[in-house]
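**Student:** Just so you know, the protein sequences line up as chains A and B, in that order.
Under numbering that gives the first Met the number 0, the residues of the first sequence are numbered 0 to 591, in order.
Under numbering that gives the first Met the number 0, the residues of the second sequence are numbered 0 to 302, in order.
By construction, these hints were calculated from the structure, which means they are not laboratory data.
Glycine is no exception: its CB is placed at the ideal position from the N, C-alpha and C atoms.
Hints may contain errors.
[Unchecked claim] With a cut-off of at most 27 Å between alpha-carbon atoms, the simulated DSSO-like pairs for lysine-lysine come out as follows:
| id | chain 1 | residue 1 | chain 2 | residue 2 |
| --- | --- | --- | --- | --- |
| 1 | A | Lys497 | B | Lys61 |
| 2 | A | Lys425 | A | Lys92 |
| 3 | A | Lys512 | A | Lys344 |
| 4 | A | Lys26 | A | Lys329 |
| 5 | A | Lys92 | A | Lys329 |
| 6 | B | Lys61 | A | Lys335 |
| 7 | B | Lys61 | A | Lys512 |
| 8 | B | Lys61 | A | Lys425 |
| 9 | A | Lys144 | A | Lys214 |
| 10 | B | Lys61 | A | Lys344 |
| 11 | A | Lys329 | A | Lys425 |
| 12 | A | Lys144 | A | Lys329 |
| 13 | A | Lys239 | A | Lys381 |
| 14 | A | Lys26 | A | Lys92 |
| 15 | A | Lys497 | B | Lys55 |
| 16 | A | Lys425 | A | Lys512 |
| 17 | B | Lys54 | A | Lys497 |
| 18 | A | Lys543 | A | Lys561 |
| 19 | A | Lys422 | A | Lys214 |
| 20 | A | Lys497 | B | Lys51 |
| 21 | A | Lys92 | A | Lys22 |
| 22 | B | Lys51 | B | Lys29 |
| 23 | A | Lys329 | A | Lys344 |
| 24 | A | Lys512 | B | Lys55 |
| 25 | A | Lys474 | A | Lys381 |
| 26 | A | Lys144 | A | Lys553 |
| 27 | A | Lys536 | A | Lys214 |
| 28 | B | Lys61 | A | Lys422 |
| 29 | A | Lys462 | A | Lys239 |
[As the list claims (entries may be wrong)] What follows is a set of in silico ranges between Cβ atoms, one per label pair, in the way DEER data are often shown:
| id | chain 1 | residue 1 | chain 2 | residue 2 | range |
| --- | --- | --- | --- | --- | --- |
| 30 | A | Glu90 | B | Asn271 | 52 to 62 Å |
| 31 | A | Ile483 | B | Leu43 | 23 to 33 Å |
| 32 | B | Leu255 | A | Thr333 | 51 to 61 Å |
| 33 | A | Pro466 | B | Phe299 | 26 to 36 Å |
| 34 | B | Val42 | A | Ser499 | 27 to 37 Å |
| 35 | A | Thr253 | B | Asn271 | 41 to 51 Å |
| 36 | B | Arg275 | A | Lys422 | 26 to 36 Å |
| 37 | B | Pro272 | A | Pro249 | 45 to 55 Å |
| 38 | A | Ile503 | B | Pro272 | 32 to 42 Å |
Chain by chain, the residues:
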Amino acid sequence: MNLVTLIFTIPLILGIAAIFIPKFLFKYGSVFAGITSAALVWAGIQAFPYYRLEALGRTPLLEGGVLSLSLIVLTGIFGFLITLYSIGHMEEKSSFFWSLFCWMLSSSALVFVAADIIVLMVAWGVTGLILALMIWQDGNEAVGKKTFIIVGGSDAVLLFGMVAMAATAGTMQLGEIVIKPGAPLEWVIFGSLIIAAFTKAGAMPFHTWIPDTAKDAAVPVVAALPASIDKLLGIYLLKKIFIDWFVFTPGKSTLLMVIGAFTVIAAVFMALSQHNLRRLLGYHAVSQVGYMIMGIGTGTPIGIAGGLLHMVNNAIYKQGLFLGAGVIEKETGTSKLEDLGGLYKNFPVTFLSFTIMAMAISGIPPLNGFLSKWMIYQSIVKTSNSGGVMWVVYLTAAIFGSVLTLASFVKIIHAAFLGQPAKGRKTHGENISWQVPALVILPLACIVLGVFPEQTVYPLLEKVTGPIAISGIYKPMMAAALLIFGAGFALLAYVVFKVSGYRISEPYIGGEKITPAMRVSGVEFYTTIESIRPFKKIYNFARKGYFDIYELLKEFVFYWIKLLRWIHDGVITTYILWVIIGTVVLMFGFLK
Amino acid sequence: MEMIFFDYIIFPGILFTLAAAMAVSWIDRKVTALLQWRVGPPVLQPFYDFWKLFKKETVIPKGGSVMVFLLSPAVSFSALILVSVILLKTTLTSMAYIGDIFVVIYLLLIPSIAVIMSGAASSNPLASLGASREMKMVLSYELPFILAVCVVLIKTGGITDLAGIVAYQNVHGAFIGSLSGFLAFAVTVVCFQSKMAQVPFDIPEAEQEIMGGAMIEYSGPPLALFVAARWILMALLPLLITMLYLGGIHSALGILKYVGVVVLVILIKNTNPRLRINQTLRFFWGIVTGVAAVSIILAFLGL
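Go ahead and model the full structure; you've got the sequences and the hints to work with.
**Tutor:** What follows is the structure, given as structure tokens:
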């Protein structure tokens with residue numbers, strides 16, 4: 000089958016067919032989404048031996064190399080895992096969900112293989128529209144509107160940038176575009192395009208739709224779009240803009256690095272103070288984008304490779320974390336951290352899966368999050384050779400951001416899984432069946448990609464960026480082997496000294512009786528930070544929405560609306576007054 | 000392959016590291032005793048303590064996760080042995096081994112995570128408070144510590160592997176000799192004091208307030224592993240400081256420098272009262288980070 004059939008025709012037809020599935024057969028619609036996912040994976044795998052998409056037949060509108068192929072395969076795999084998860088997770092609803100799901104996968108794949116500006120624009124716009132429709136489908140009107148306005152607004156900016164770019168470069172073929180430094184409108188085009196990439200990926204200050212969507216939209220929707228595929232889309236476009244279409248200049252690099260560093264730190268500080276599990280994860284979906292931007296912003300092969308790898312890693316563990324949060328929410332009926340606690344016993348699979356991915360996102364070796372962060376650190380240090388001083392700020396932001404990430408995940412693990420259960424929390428166990436593949440495969444991928452990069456990701460990344468030339472020292476396989484061996488050695492000591500014959504006793508707090516009022520939930524872990532200057536003020540501003548571009552825009556629009564309302568008050572005498580004033584102004588104009 | 004496991008189990012891995020850590024622990028207790036006009040324990044006292052704990056019964060708190068409770072000390076111990084092997088092999092062979100400074104920084108986070116997880120798995124409000132304090136401590140000292148490491152990176156021109164950093168100092172002189180290097184050294188000593196949870200930063204354990212914090216429920220072999228991890232940390236962090244700022248421990252002078260750093264840590268511990276957690280946060284994100292930032296500026300100026 001040729002490429003167009005696999006990634007466009009099949010999903011389109013299946014999506015249309017899915018509309019006609021009656022509501023009570025909702026779960027069977029998943030077959031359509033499964034076939035679409037399989038079609039994407041199949042397309043990627045078929046072309047992989049040739050490293051070019053053209054192996055599946057030439058079309059003037061589509062092209063792609065290893066990066067595009069990898070992203071199509073990943074989109075297919077993610078689509079498949081989330082489809083399976085949705086069968087177990089979602090209640091009966093309109094099968095239009097599956098139509099949207101099929102089209103979402105298809106339009107994302109089309110973005111990755113678009114050879115032409117029009118194909119890219121249409122496919123890009125459709126992904127944003129589908130996201131809003133998926134949110135609306137669940138009745139989250141306000142969140143859907145916010146997402147649609149921010150993402151749709153950025154699409155309009157992208158359209159402007161693309162048209163200007165095509166005019167400047169004199170071609171619509173994406174593969175042929177090169178904007179040289181000093182070209183007319185260079186910065187305007189660059190700015191417009193990266194605004195779109197940043198909004199989709201969720202970099203600051205265009206991020207504010209993500210935490211809201213993360214909190215309120217259906218879990219499979221969040222896991223599929225803002226957590227994973229939107230990241231692939233945004234960072235793919237960023238890579239295209241910064242590396243392929245524009246010539247590297249220190250000015251553009253600095254812009255990206257500053258935004259990246261700021262995104263990492265600011266978003267993770269917001270995450271620290273959250274009480275809602277999904278909203279907290281949403282802020283991390285923003286924060287991690289900063290690393291990807293910084294990696295690509297260095298412009299070095301190892302940085303670009305690190306940025307792209309972090310994009311993939313983040314898509315894997317962030318998706319898994321949201322799916323884990325979904326299991327908890329479905330069974331306990333809440334995602335408020337203070338109402339959870341002690342879930343490890345009833346949710347063993349979710350706990351283990353969530354913990355591994357939490358460690359991966361915090362960059363703990365030897366998991367995949369550390370590897371990509373480490374590559375990005377190497378690339379940042381490498382930029383010191385060019386004589387700048389800002390790399391210290393970027394490096395500090397990146398490493399410190401990762402410690403802050405750890406802190407917020409420690410909070411989740413304590414509050415949701417290990418700490419004492421909240422009063423009245425439902426205690427029945429995890430009811431998972433179709434959710435298992437995602438909860439097992441995603442953390443396994445975190446381990447495999449982290450421990451065996453030379454056998455898995457390095458060769459692919461080198462095909463995209465050229466030789467990576469790793470300068471630092473990190474042997475993940477050996478580190479992992481020795482870590483496991485050391486822990487095994489300690490456990491052997493447990494066996495020799497008969498720890499298994501342990502005695503269980505009541506927790507001890509100096510002879511006092513532990514009462515429910517003494518429970519430490521974990522959500523209050525960082526109130527110390529929230530109460531010291533200047534954080535107190537910053538958090539207050541954030542809660543009032545001063546950093547939310549949507550709220551600011553709303554204020555601005557409402558201000559003008561208020562003015563217009565004042566003018567249009569519906570009283571006839573006011574209108575007559577305006578007519579007279581207008582006539583006088585016009586007459587003055589003519590008399591002059 | 001056999002060589003790797005010999006390195007890991009015997010020298011410079013588990014056995015050697017444990018012995019060295021016990022020696023450092025003995026120095027700690029002896030110097031502390033001398034400062035308090037006591038005689039202090041015999042050389043083998045740390046070993047007796049360690050051995051005694053291994054023979055004691057293990058008690059596990061009701062309602063906590065047994066798996067996490069028992070696994071945490073093992074993971075902490077394992078990560079520290081790996082760091083020890085990295086640092087000592089790098090010193091012995093003058094070649095990079097397994098990981099560079101970033102890998103070491105991240106591996107050194109694992110013992111803190113283990114403490115936090117164990118506190119969370121103890122089903123005890125005091126242990127939970129200890130876990131929360133431990134995490135806030137990590138947040139406090141990591142920021143200035145990263146800046147201090149940046150001073151080293153500025154001076155070496157971006158060499159991240161430890162062997163390279165030591166070799167650079169052997170050619171150009173130890174970093175502590177420069178003003179920026181000295182400030183970075185001072186910042187790192189203060190940061191490591193809190194990483195080791197030594198007074199004045201023993202806030203996560205604070206026996207008089209929260210009775211050992213995350214350690215409150217531990218007994219028997221798991222406690223022995225945590226205690227060993229504490230000793231290893233106390234032996235390793237001065238070694239890392241020596242490698243980063245004092246030119247490593249290749250010579251007798253190098254070993255003297257190392258012992259000097261250990262004694263400095265013990266002196267700070269014995270002459271200061273404990274801070275509160277909010278004071279610590281303000282102290283590290285304020286003064287210490289400020290000094291670290293000054294040292295960075297000085298390093299860029301070549302001072």
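**Student:** Would you mind marking each hint as holding or not holding in the structure?
**Tutor:** Right, here's what the structure says about each hint:
no.	hint	result
1	A/Lys497 to B/Lys61	holds (19 Å)
2	A/Lys425 to A/Lys92	holds (25 Å)
3	A/Lys512 to A/Lys344	holds (23 Å)
4	A/Lys26 to A/Lys329	holds (17 Å)
5	A/Lys92 to A/Lys329	holds (16 Å)
6	B/Lys61 to A/Lys335	holds (25 Å)
7	B/Lys61 to A/Lys512	holds (13 Å)
8	B/Lys61 to A/Lys425	holds (20 Å)
9	A/Lys144 to A/Lys214	holds (15 Å)
10	B/Lys61 to A/Lys344	holds (13 Å)
11	A/Lys329 to A/Lys425	holds (11 Å)
12	A/Lys144 to A/Lys329	holds (25 Å)
13	A/Lys239 to A/Lys381	holds (22 Å)
14	A/Lys26 to A/Lys92	holds (9 Å)
15	A/Lys497 to B/Lys55	holds (10 Å)
16	A/Lys425 to A/Lys512	holds (24 Å)
17	B/Lys54 to A/Lys497	holds (9 Å)
18	A/Lys543 to A/Lys561	holds (21 Å)
19	A/Lys422 to A/Lys214	holds (23 Å)
20	A/Lys497 to B/Lys51	holds (14 Å)
21	A/Lys92 to A/Lys22	holds (6 Å)
22	B/Lys51 to B/Lys29	holds (20 Å)
23	A/Lys329 to A/Lys344	holds (16 Å)
24	A/Lys512 to B/Lys55	holds (26 Å)
25	A/Lys474 to A/Lys381	holds (19 Å)
26	A/Lys144 to A/Lys553	holds (12 Å)
27	A/Lys536 to A/Lys214	holds (24 Å)
28	B/Lys61 to A/Lys422	holds (18 Å)
29	A/Lys462 to A/Lys239	holds (15 Å)
30	A/Glu90 to B/Asn271: 52 to 62 Å	holds (60 Å)
31	A/Ile483 to B/Leu43: 23 to 33 Å	holds (32 Å)
32	B/Leu255 to A/Thr333: 51 to 61 Å	holds (60 Å)
33	A/Pro466 to B/Phe299: 26 to 36 Å	holds (31 Å)
34	B/Val42 to A/Ser499: 27 to 37 Å	holds (33 Å)
35	A/Thr253 to B/Asn271: 41 to 51 Å	holds (42 Å)
36	B/Arg275 to A/Lys422: 26 to 36 Å	holds (30 Å)
37	B/Pro272 to A/Pro249: 45 to 55 Å	holds (50 Å)
38	A/Ile503 to B/Pro272: 32 to 42 Å	holds (38 Å)
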